[in-house]
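> Here is how the chains run, residue by residue.
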Amino acid sequence: AQSVAQPEDQVNVAEGNPLTVKCTYSVSGNPYLFWYVQYPNRGLQFLLKYITGDNLVKGSYGFEAEFNKSQTSFHLKKPSALVSDSALYFCAVRDGDYKLSFGAGTTVTVRA
Amino acid sequence: SAVISQKPSRDICQRGTSLTIQCQVDSQVTMMFWYRQQPGQSLTLIATANQGSEATYESGFVIDKFPISRPNLTFSTLTVSNMSPEDSSIYLCSAESGADAYEQYFGPGTRLTVT
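These protein sequence lines map, in sequence, to chains Y and P. Going by our numbering, the first sequence opens with residue 1, and the numbers climb by one from there. Going by our numbering, the second sequence opens with residue 113, and the numbers climb by one from there.
One thing to keep in mind: the hints can contain errors.
Heads up, incomplete: computed chain P residues facing chain Y, CB under 8 Å, no partners named [to be verified]:
id, residue
1, GLY152
2, GLN153
3, SER154
4, LEU155
5, LEU157
6, THR160
7, GLY172
8, VAL174
9, LEU204
10, GLU208
11, TYR214
12, GLN216
13, TYR217
14, GLY219
Don't read these hints as lab results, they were simulated from the structure. Note that beta-carbon positions come from the ideal geometry of N, C-alpha and C, so glycine has one too.
With the rest of the complex left out, here is chain Y:
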């Protein structure tokens, strides 16, 4: 069975500093990996995906993620965090039946 793990419940950074949200995965075949963000009282918004190709994937709102096969990781990054990036972030992996399995989520707080 496939799964993802987000080892940090919370990440706190100062505005302007780099932001990293960690995710590791476990799959039996090729990994299809995703990051979503959820703002308070909102649905999930798609940020980026890794299907194949370049290990560095660029997405919405200045976010990027690095796929590392040897470490089975897909960490989300942003070079310079904004207060508006404060939200709940989910890593997810997709199986062959289109179903997504989500991590537990990481709450990001960016302080001014």
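Keeping the supplied structure of chain Y fixed, place chain P upon it in accordance with the hints.
Below, chain P without anything else, positioned relative to chain Y:
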């Protein structure tokens, strides 16, 4: 990308009653799904809504409790039946069109409180 709307956005219901949640997509999509999310928690897949056939339920979810319909390629409903306080949660609809390869889009969710 697909735009997904849900109705109602929230509701407060008495135990023992049922609530039907509607999900509308602005374009035809291949796949539609229903998830449950406790506030601040992760998402759990309830079922895949299949067009023209019975939904496919995940372990721990049954049709009698969560009947699902999908009459066409843009619309689905989820009913939460015989509700108890344990059903208080956020219910989200999602869809994957196939045009946006592998990208699944989510509705804003329905916040259900059962008293």
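> Give a verdict on every hint.
Hint check:
1. GLY152: With a closest approach of 7 Å, the GLY152/P hint holds.
2. GLN153: Where the cut-off is 8 Å and the nearest Cβ of chain Y is about 7 Å from GLN153/P, the hint holds.
3. SER154: Holds, because the Cβ-Cβ distance from SER154/P to chain Y comes to roughly 5 Å (cut-off 8 Å).
4. LEU155: With a closest approach of 5 Å, the LEU155/P hint holds.
5. LEU157: Since chain Y brings a Cβ to about 6 Å from LEU157/P, closer than 8 Å, the hint holds.
6. THR160: holds, 7 Å
7. GLY172: At about 14 Å, which exceeds the 8 Å cut-off, the nearest Cβ of chain Y leaves the hint on GLY172/P violated.
8. VAL174: Check failed: Cβ of VAL174/P comes no nearer than 18 Å to chain Y, outside 8 Å.
9. LEU204: holds, 6 Å
10. GLU208: holds, 6 Å
11. TYR214: holds, 6 Å
12. GLN216: holds, 6 Å
13. TYR217: holds, 6 Å
14. GLY219: Since the shortest Cβ distance to chain Y is 5 Å, the answer is holds.
Of the numbered hints given earlier, the model fails hints 7 and 8; all others are met.
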